[in-house]
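Chains as they are written, first to last, in this note's numbering: chain A, 1228 to 1338; chain B, 472 to 584.
It is worth saying that the hints were derived from the structure and are not from the lab. Every residue, glycine too, gets a C-beta built ideally from N, C-alpha and C. Among the hints, erroneous ones may be present.
What the hints assert, rightly or not - Calculated Cβ distances over 10 Å to all of chain B for the following chain A residues:
1) 1256
2) 1261
3) 1286
What the hints assert, rightly or not - Among chain B residues calculated to face chain A with C-beta under 10 Å, some are:
4) 475
5) 514
6) 521
7) 562
8) 580
9) 583
Below are the chains, spelled out letter by letter.
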Amino acid sequence: GESVGLHLPTLSVQEGDNSIINCAYSNSASDYFIWYKQESGKGPQFIIDIRSNMDKRQGQRVTVLLNKTVKHLSLQIAATQPGDSAVYFCAERRGNNRLAFGKGNQVVVIP
Amino acid sequence: ETGVTQSPTHLIKTRGQQVTLRCSSQSGHNTVSWYQQALGQGPQFIFQYYREEENGRGNFPPRFSGLQFPNYSSELNVNALELDDSALYLCASSPGTRQETQYFGPGTRLLVL
């Protein structure tokens, strides 16, 4: 089968702390991964992507790590802010250019 | 640069009816993908259109159909609506079909009674 999943349903984090969201994928042939953020009532918003020939990629306050050996993806958010409260999805691109999403992980930032 | 827009924002239908949802892609994007997102779930791929042709389809029945127009805008049509079709329908556009990031619109919330 194929699946993209997240380990933790909800992550509560103190404002200013770092957040780490994990994701496991099962398709070893996947070569492109994306993290999306979805706020209530809105569509998914692109955060950062990474190709399979990379192990790490950094953006503004976010870092994505890819471990192909164990088929694991993580998103690190530095200095978490109240505006980071949302559901975070990892997605992998499949052969016919579709995105396969996991169920999502709710991040709640505590002021 | 205009982002992805969708209409309507909300819609209520009854079982057996038909619905058409609309999407305008981001400027310069020729590829549109449609997703269904049930409450509490991740989006599920329905199909993709590239230059007015269907370019890949997910595990959805034929009563889900689509169109793409010369200006790259797109429609999603669902016939014979069922209660389980209640969901957020998302449209995403990208500048091509090969490993290009997809940018999502705000979605259309469909409720089937």
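Against which earlier hints does the structure fall short, listed by number upward?
2 and 9
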